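Enquirer: Residue numbers (the numbering used here), protein chains in the order written: chain A, 1 to 293; chain B, 1 to 199.
Read the hints as simulated data drawn from the structure, not as lab findings. Worth double-checking, as some hints may not be accurate.
Said to hold, decoys possible - Simulated crosslink set (SDA-like; lysine to any residue; CA at most 25 angstroms straight-line):
no.	chain 1	residue 1	chain 2	residue 2
1	A	K43	B	E188
2	B	K196	A	D3
3	A	K164	B	M152
4	A	K58	B	K137
5	B	K5	B	Q191
6	A	K168	B	K19
7	B	K5	A	D51
8	A	K176	B	M152
9	B	K192	A	D40
10	A	K13	B	M152
11	A	K208	A	N150
12	B	K196	A	K13
13	B	K184	A	D9
14	B	K19	A	G234
15	B	K184	A	Y34
16	B	K184	A	G134
17	B	K192	A	K13
As the list claims (entries may be wrong) - According to the in silico footprint, chain A covers these stretches of chain B (three or more CB under 8 angstroms from chain A):
no.	region
18	96 to 105
19	140 to 154
If you're wondering where the values come from, they're calculated on a predicted model, not measured in any experiment. Beta carbons: idealized from backbone N, C-alpha and C, even for Gly.
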Amino acid sequence: MVDEKAIEDFTVKLLQLAVTELPKDVKAALQRAYCEEKSDAGKTQLKAILDNVNLAEKTRTPMCQDTGVIIFYVKAGTQVENLGKIENALHRATIRATREVPLRPNAVNPLTQKNSGDNTGRFLPFINWEVTSGDTLELTVFPKGGGSENVCALGMLRPGDGVKGLKKFVVDTLIKSGAKPCPPNILGVAVGGGADIAMKLAKKALLKPLDAPNPDPELEKLERELFEAANMTGIGPMGLGGTSTVLGVNIDYAHRHPASYPVAVAFQCWAARRASARIHKDGKVEYLTHKVV
Amino acid sequence: MTVYKLRTPISEEDVRKLKVNDTIYVTGTIFTARDEAHHRALEFYKEGKDIPLDLQGLAVFHCGPIVKKKDEKWIIVAAGPTTSTRMDLFEDEFIKNFKVRVVIGKGGMGKKTTDAMKKYGAVYGAFTGGAAVLAAKAVKNVKSVEWHDLGMPEAMWVLNVEDFGPLTVAIDTYGNNLFEDVQKSVEEIRQKIYEKLSV
């Protein structure tokens with residue numbers, strides 16, 4: 001039996017894990033970027049990033065002062081007990097984590113400019129629900145920073161522009177973003193659906209582990225092509241020049257309207273924070289992204 | 001590339017020695033200021049009102065820190081830089097009026113700020129975006145918090161720091177701007193990338 005309080009407690013734990021410790025695929029990608037970086041300024045930046053990541057993990061403090069807006073992805077089996085109480089538990093966990101970790105209060109009313117002070121507010125934390133069969137609950141926390149969010153872009157291309165148009169849009173968007181999204185970045189790209197669907201898929205693509213190949217060979221090929229193109233730009237770590245501009249490109253798609261060709265590009269900064277866990281019917285928690293003793 | 005250790009108050013002469021790509025570490029007093037604190041400081045200046053401290057020779061840090069209070073003392077938990085371009089709106093006037101010598105942030109700044117740095121003597125020190133724990137480690141203590149009513153991220157946190165850095169000098173007093181140089185070379189390679197992707 002999984003009760004509301006248990007969900008709240010383990011969500012606080014997940015939030016703390018996410019902001020203090022990077023998943024191992026991200027750490028490995030940063031390490032690789034450091035080894036391969038050609039520019040001195042870029043190497044200095046990557047060294048500072050790695051030192052910072054290690055220090056954050058050791059001292060259990062947030063690796064970046066911008067602990068983001070809190071986004072949850074919930075995959076809930078229909079037989080999970082207390083389904084109706086999850087939303088409440090996630091809200092309370094967000095408030096508690098803000099105080100206990102602590103997280104920076106980042107929920108601002110866009111009309112009055114007032115900060116709620118506890119990371120909650122209208123539609124925040126944002127919860128993406130997915131209903132599955134079974135009795136397990138899978139939760140991913142995704143604290144999303146503002147610097148990389150500000151350069152996300154949506155292009156409503158013409159169907160005639162096709163995949164070539166997509167590639168050009170991604171390259172142009174990356175070049176325009178320059179130093180702003182704290183490179184090296186992860187790019188989430190999605191094409192099709194509609195304006196909202198493309199952006200939703202692009203953002204979700206940021207969560208795909210960097211060491212997991214895309215099961216679709218066509219997408220895998222496109223990802224590699226754009227990865228190489230992105231690193232040709234020379235933007236480099238923190239935009240100070242270098243060969244490591246992106247750590248990965250993850251692409252997804254949805255079928256589209258015959259008249260539309262939406263392309264969404266979502267950016268993730270080097271502090272690619274995410275944490276996932278599965279909670280079983282008997283209350284046993286299985287951490288998917290982090291080692292927890 | 002040369003490494004310099006600077007101590008506040010930093011003189012105009014000292015910053016005029018620095019060149020882009022140099023690395024600097026700052027010891028002494030720095031203060032955080034984002035959009036709201038810049039705005040208020042300039043409003044106060046315009047109205048002839050005193051601001052809470054003399055900023056001459058100090059370093060302004062574009063940062064919205066996470067701070068907690070323990071035993072009545074403020075402790076900086078995380079303090080990485082925020083995107084500096086937002087402060088391009090104010091920074092030329094800010095440098096002119098308050099004579100800060102180092103601007104610390106991420107992402108670089110534009111022409112207006114670069115011109116002001118050349119004219120009045122200040123440099124831009126790029127700190128690794130998000131490296132909040134490294135930054136916090138260099139903070140010895142919080143001297144004061146001013147304008148706390150602006151909220152935790154926007155308030156002016158006055159910090160006593162030791163070897164705060166590494167900061168890459170990305171704008172110097174000679175009108176050089178490293179970020180603009182990188183942008184220019186990226187522009188030059190754009191066509192080659194298009195060709196490689198056949199777009």
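Enquirer: Look at each hint and say if it fits the structure.
Expert: Each hint tested on the structure:
no. : hint             : result
1   : A:K43 to B:E188  : 23 angstroms, holds
2   : B:K196 to A:D3   : 55 angstroms, violated
3   : A:K164 to B:M152 : 45 angstroms, violated
4   : A:K58 to B:K137  : 13 angstroms, holds
5   : B:K5 to B:Q191   : 41 angstroms, violated
6   : A:K168 to B:K19  : 36 angstroms, violated
7   : B:K5 to A:D51    : 20 angstroms, holds
8   : A:K176 to B:M152 : 31 angstroms, violated
9   : B:K192 to A:D40  : 24 angstroms, holds
10  : A:K13 to B:M152  : 24 angstroms, holds
11  : A:K208 to A:N150 : 21 angstroms, holds
12  : B:K196 to A:K13  : 45 angstroms, violated
13  : B:K184 to A:D9   : 50 angstroms, violated
14  : B:K19 to A:G234  : 21 angstroms, holds
15  : B:K184 to A:Y34  : 24 angstroms, holds
16  : B:K184 to A:G134 : 55 angstroms, violated
17  : B:K192 to A:K13  : 47 angstroms, violated
18  : 96 to 105        : violated (count 0)
19  : 140 to 154       : holds (count 3)
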